[in-house]
Amino acid sequence: MVEEVVRLELVTRDFYDGKQLRTVLKKTDLGIIPGELTVLAGPSGSGKTTLLTIIGLVLKPTTGRLFIGGDEVTDKSEDERACIRLRDFGFVFQQAALVPALSITENLLVSQAIQGDRVTRELREQAHRLLSELGLSEHGDSKPQQLSTGQQQRVGIARALIGDPMILLCDEPTSALDVESSRIVLDALKTISGEGSRAVVLVSHDPRVFPYADRLIKIEDGSIINDTRHPGEGVQDEESY
Amino acid sequence: MRSITALRMLLYDRATTAGSVLGVVAIIFLVGQQLSILFGLLNFMSVLVDHMPADVWICTVNTENVNSGGALPMRYLDRVRGVDAVEWAEPLVRTGGLYSLDDGRFTGLQVVGLSRPDLVGGPWRFHQGSIDALLDFDAVTADRMDLDVLGYPEIGSVSEVNRVRVRIGAITQSIRGFEGTLVFTNIDKAREIGNVGADQCSNILVKLTSEADPADAVRIIERVLPNTAVFRSSELSSSTRSYYLTNTGIGGSIGFSTIIGTLVGIVIITLTMYTTVLNRQKDFAVLRALGARRKDIAITILFQGLIIAGVGSVIGFFLLAVFLYGTMDSSLPTYMPLWLPPIHAGFTVLLCLLASVLSMRRATRVEPATAFR
Chain A
343 MVEEVVRLEL VTRDFYDGKQ LRTVLKKTDL GIIPGELTVL AGPSGSGKTT LLTIIGLVLK
403 PTTGRLFIGG DEVTDKSEDE RACIRLRDFG FVFQQAALVP ALSITENLLV SQAIQGDRVT
463 RELREQAHRL LSELGLSEHG DSKPQQLSTG QQQRVGIARA LIGDPMILLC DEPTSALDVE
523 SSRIVLDALK TISGEGSRAV VLVSHDPRVF PYADRLIKIE DGSIINDTRH PGEGVQDEES
583 Y
Chain B
13 MRSITALRML LYDRATTAGS VLGVVAIIFL VGQQLSILFG LLNFMSVLVD HMPADVWICT
73 VNTENVNSGG ALPMRYLDRV RGVDAVEWAE PLVRTGGLYS LDDGRFTGLQ VVGLSRPDLV
133 GGPWRFHQGS IDALLDFDAV TADRMDLDVL GYPEIGSVSE VNRVRVRIGA ITQSIRGFEG
193 TLVFTNIDKA REIGNVGADQ CSNILVKLTS EADPADAVRI IERVLPNTAV FRSSELSSST
253 RSYYLTNTGI GGSIGFSTII GTLVGIVIIT LTMYTTVLNR QKDFAVLRAL GARRKDIAIT
313 ILFQGLIIAG VGSVIGFFLL AVFLYGTMDS SLPTYMPLWL PPIHAGFTVL LCLLASVLSM
373 RRATRVEPAT AFR
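Respectively, the protein sequence lines represent chains A and B.
So the number in the working numbering is just where the residue sits in the first sequence, counting from 1, plus 342.
So the number in the working numbering is just where the residue sits in the second sequence, counting from 1, plus 12.
Excised from the complex, chain A in its bound form (with noise of 0.2 Å):
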């Protein structure tokens, strides 16, 4: 039995609208697990990228309970949860979403140093390392807006590794990409996953991801309406969406 990385115990998350609240993610019960590539699926405004940003402790359930590497942190302070992200967490956002004034390298950097901590040559070489490993070597010092929107985005996903996490949070990171851009990104996504140790959580509505789903979750409304996992061969059958 697989040690889950995340538990998610009866969460729910509303939302007030200025006019009435509302409940977005209804009563949810979900354990992700280390090796997989889970993606979750729904039409816009089902909720999936609510229920990414509660795993992702960027927001915190109404009611439920919240577990990360075993331990409860449905009631951490914001610092407590900012340190969790920054410790457990990658993140790779739908359009890169990289600081523009910072380089290549730096925006890597950046996100282990911003709670002020020094950057360490091993953490330097990390960066190079994970450049060169997606293709991007010779881009350390440009600026993001010198690279192409696939390029922007492998650097995202360098970002969100270099940390060593143990859960990668991605969310619509092909939506932006050609065909060819997007497949770059998917395999580079499935190999991480692959590597056994770390959990990949996606949120698309994008069928060019499936196939590469070990685990497909469908949402819609604000539940889970549907749970598969193909371990290793992915979703073939864009119907069974």
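Keep in mind the hints are simulated off the structure, nothing from the lab.
Quick caveat, the model's predicted, so the values are computed rather than measured.
Below are the SDA-like pairs computed for lysine to any residue, each with C-alpha atoms no more than 25 Å apart in a straight line:
no.	chain 1	residue 1	chain 2	residue 2
1	B	Lys307	A	Gly458
2	B	Lys294	A	Gly482
3	B	Lys294	A	Ser490
4	A	Lys368	B	Arg385
5	A	Lys361	B	Ala381
6	B	Lys307	A	Val415
7	A	Lys485	B	Tyr24
8	B	Lys294	A	Gln437
9	A	Lys485	B	Leu290
10	B	Lys307	A	Thr462
11	B	Lys307	A	Pro507
12	A	Lys361	B	Thr382
13	A	Lys560	A	Gly406
14	B	Lys307	A	Arg460
15	B	Lys294	A	Thr491
16	A	Lys560	B	Ala381
17	A	Lys402	B	Arg306
18	A	Lys485	B	Ala30
Residues from chain A that keep clear of chain B, each with C-beta distances beyond 12 Å, as calculated:
no.	residue
19	Asp356
20	Tyr358
21	Asp359
22	Asp371
23	Leu372
24	Pro385
25	Ser474
26	Gln493
27	Val521
28	Glu522
29	Ile526
30	Thr533
31	Glu537
32	Asp569
Positions of the beta carbon are idealized from the N, C-alpha and C atoms, including for glycine.
Dock chain B against chain A, hints included.
Same frame as chain A, now just chain B:
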């Protein structure tokens, strides 16, 4: 890395950063030049007291500033000289005068008459000639800054003050009084110019012995000369400065323009820094999502405030130095005491940090979840 991030963001947003730096330059330069003019004027106000070697000034009763007051009887001089704590005492005659120009016009000046042969309290900086020139009965000084007002007299040239013959004996260097051109001469010539009797003087300057307690000495002199005002030099200097600051509106005027300069600077810094944060909200949200705490964002903004303050201060003080150098020997009174720049810089840094508070509040309130929208 927070400091590097702060610097990189500032360099990236060059236009708004330049605006913020301009705000600091405005504070440093505008406030600095206003204060330097204020201190220059203060020096003019009390120039005689500050440069004369006396410890105690004896003036007529109810005197508030050194440039006012009436006549003291010369017999007081012997009484003062009889006090044990007094090393020496010398009379000083001050009077107004009208200097006759070659074209028939007149210009007002303040005449200071010094007791011969010691000429205690005489001019302290010379462009041409020396104080010994004032031993000559007709000799007066003219200041280099006032030469144009006096029609460019040369040493040895003869003119009149109050229709009394005077000869330029020396040219002083940057010695001016608050109430106009200062002309030094010997006490006898000053009496002739001002029609002051030989039994009268304007002030008595007193040097105390090294063993004397100044406060005790003042009390003793007050007892010996009951109908006079007896000041220690520092008291008369500050009393003179307070008098002019409060009675001429200079203090209020310069204070007002200083406050305006400061406010303009703060507004510029606040608005430009706030604009930068508004433009970079997405970046701060991403940093927060990656693991930055609110305090990390606040420190980043704080670094930005410090960098802006540092760069702006360097530019501002450079411009201020150019201004002070350019006005050093001009008729514009400017003076910057050495203790003022560090305080001015510290105050500006503090203002800069205060101005960054609004941006800090905005940046730290950015929710990390917005990085996912």
